[in-house]
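Student: Residues per chain are reported as follows:
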Amino acid sequence: MMVPLVGCLLLVVLAAIRVPSGIGRTPRWYSLLVPLGLWLAIINLSMPLPKSYPDSPAPGLVLQAVQKLDPEVLAGIQYVIIVEGSSVTWNGFDGERVQRVLVEHGLPSLVVQLSFAGANHAERYEYLKEFVEALRPDQLDALRRVKLFLCREVELGYDKNPLNNFLRNGSTGRSLRYLDPPNVPMFFSWLALKYRPIDWIREHTLLSNLTGCVLFNLFHVGYVPRIESLTAPAKTEPFIPNLTQSPGFAPRGSLDSVHDSPLDKRFTSMFAENLAWQKKRDQDFRDVFRGLIKSEYFFAFPSWSKPNADYNIWKRRQPGNERFFDGDATGLVDELNSPSLWYDQLHLQQAGADLYSDEFGKYLVEQIQSKSL
Amino acid sequence: MLFNSGSFFCFLLLVLPTYWLLPSNFLRKVLLVGASFVFYAWWDWRFLGLLSFVILSVFFGARFVLYERRKGNRRQALIYLWCCLGVELAVLGFFKYFNFFEANLVLALQGLGIHVATSSLLFQVLLPIGISFYTFHAITLAVDTFRGNVDREVSLLDVALYIAFFPQLVAGPIVRATVFLPQIEKKRTFDGEDLFVALQSIGFGFLYKVVFADAIAPFVDSVFKAPAQFSWIYLLAGGLGFYCQIYFDFNGYSLIAIGVSRLFGYRLPDNFNFPYCATSLTTFWHRWHISLSTWLRDYLYIPLGGNRGTLLRQLRNLMCTMLLGGLWHGASWNFVLWGGMHGAVLCAEKVIRIGQPRKEYREFGLSIGLVFGWLVTQIIVFLLWIPFRASNFQDTLNFIGNIFLLKSGSPGAEHLTGMIPWLLLVLPVVCDTFVVRSLRAWREKPALNPELAFAILVLAALCVALLAKTGLRPFIYFQF
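So the protein sequences, as listed, match chains A and B.
Residue numbers for the first sequence follow our numbering, beginning at 1 and rising by one.
Residue numbers for the second sequence follow our numbering, beginning at 1001 and rising by one.
By construction, these hints were calculated from the structure, which means they are not laboratory data.
Please read all numbers here as calculations on a predicted model, not as lab measurements.
Honestly, I wouldn't trust all of these hints.
[To be verified] A few chain B residues that don't get close to chain A, going by computed Cβ distances all over 12 Å:
| hint | residue |
| --- | --- |
| 1 | Leu1012 |
| 2 | Trp1042 |
| 3 | Gln1110 |
| 4 | His1115 |
| 5 | Leu1337 |
| 6 | Leu1406 |
| 7 | Pro1428 |
| 8 | Lys1445 |
| 9 | Ala1447 |
| 10 | Phe1454 |
| 11 | Ala1468 |
[As the list claims (entries may be wrong)] Okay, the calculated bits of chain A under chain B, using three or more residues with CB under 8 Å as the criterion:
| hint | region |
| --- | --- |
| 12 | 1-15 |
| 13 | 134-143 |
| 14 | 224-232 |
The C-beta atom is built at its ideal place from N, Cα and C for all residues, glycine as well.
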């Protein structure tokens, strides 16, 4: 309704203005810049932008996560496990199953999962931020009383590039939602730590798209039509198991052989190049839960891909990464050795997800009991 | 490179300041020709050769015509003119109509019992974007040279700029050589009024295109995609939607083209003059796509005989012009039908002598006859947009038939509330036709201080961005 009505008003305004004929000179700078500045200030203060992107998975994921944190349920809970991740978690991590393992071992727990296919770190940061912002004061109080663990996915593709997948879904509601202006300085700091000055030229497509999206958000381009078609978000499931196998998946050798082969040195130098931005990212993720997190865990999935498997091993061996789970020192890699448990070389099928989730649950039980958490 | 794309914005940001910084008119023209070729290559660089061929052929054709005319050898000049027109029409005919004639030839042969598989005769020809417009520019230059309206040796650079000037290259307005060439003779000077008028025109254009036309387009597309599925009320709303969409889309494009040209200091003619307030189809064509309708009048209707001769002869000229005008829009029987029906109504108006210019000035007086004339004209225009937009002849018949037969179907009238936001988009047409028209005509409106006027323009542009339907949707007239 707004579009035709405000549009008509604009038509009248545009038709009603004129300048004296033969003015000859161009206007002074402030006639262009002052309205621009005023617009930026007023529009960004008055219109909540992320709400206008209902086609992003964020609202649905946050909704299901917030609904799980019922204070009455939390009253009997000792541990809340928050899990974030991309498609490997979305397909391979069954939070309900992990929760069952913990409860069976006498640890009253609640697993809250925020994962979605194709979610890069920028998007996952947005999920967590919106989740915390959506919590009511009583829920926050309840979370302060329990022990909250943040479990974060480790996967080579997303750890190489904080905006992995961005160009595939650039300018969609999904990417525009996390490119909300308040997030932009942080994302640019990640990119500044990742890329050397010369790399910025090579990455001009990414940068120009990113700048375009930021300007799009900054000036609220297309805001009214989006907000007019806004529908209430439906719950988005954070775990969707794969029930079939990808037709292109044809692994060679065994999962053991991939994991047992020596590390490729070409890969390890590339892994190390990403440590600087990852350190900043980890701190930013922790800051979202400031004062709430008791402990932080990282988890990775075994993989048929040699670079991914090498990355998991390399990551596990990094100093300070003792809270890292990839199934090493368990029978998980042997259990997942059958290609029938996999969708493709990275993603599990349902049976594989069950095995992984059980093992992760046991790992958490062991961690809690051995470290008296 | 669409006017409503980020790449065009960057392109303009690069070309415009460079243009004004260049010291000589020659360098500026070189820059504009180069930029126009880049602009055209953005769609398909392979057709740059065709564009260059059209430029070269009309350059030499016009030179020969001028040479013979100056010698007083009119007959020889006429031969050169026809050679030049033959080349341009052959280019247009081959690239635009080859597939159409081939398909119809196959059908005709099949009708005669000779079975030939469709599209097996020769090959499929790709339609180069803007070909209808730049070949018309070429024809204009050749004919105006023959008529003596262009009476100087036009340099190759000037011909290239006239044919390929990027704001009007792909969808007009069709500019006369006599209007454009004098403007590029002298170096343009930067003027605040030009800048204001340009930005105002671009503002209107974007408002029409990305706010109004693009907002209604998804609804129109869904109705025209499968008209058989919809009840009469939806078909009516879809048709009304297209009635609004095509006006805003094409007028929006024209205004942006006019505004962008003005940023470089060049003035292009207006292409629209509130056509939906016309009280007869004759006046509608004085107001809709003016650059084409006047072109058809001056380069087709008048050479055919125009208003000379008997009434029957005049009607024949009118029908030929409108049929060819319809076919110019696209190689399809739907466009022939559209042009033919317009021609038929224009002939009827000519016979009963309505829509004469003398009545034009009082068309919004409180005369019942004029209100009735307006209503009938707009209903005819609305109905004739249906074959223009429908995919084929059968869809056109079903569409119009189902509206008149009040066909029920799904979704039916019970879902009418869902259409209200779409129907509200008719409101801008009403506002444009009646309020904006009055404001434009208001000569005593106070002139604002330039700073205030530009500040309002910036705010209006930002509001347009706020209301814009996101996602790139090409202009309808790009297909022609």
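Student: Would you mind marking each hint as holding or not holding in the structure?
Tutor: Hint check results:
no. : hint    : in the structure
1   : Leu1012 : holds, 16 Å
2   : Trp1042 : holds, 16 Å
3   : Gln1110 : holds, 43 Å
4   : His1115 : holds, 41 Å
5   : Leu1337 : holds, 31 Å
6   : Leu1406 : holds, 27 Å
7   : Pro1428 : violated, 5 Å
8   : Lys1445 : violated, 6 Å
9   : Ala1447 : violated, 4 Å
10  : Phe1454 : violated, 4 Å
11  : Ala1468 : violated, 5 Å
12  : 1-15    : holds (count 14)
13  : 134-143 : violated (count 0)
14  : 224-232 : holds (count 4)
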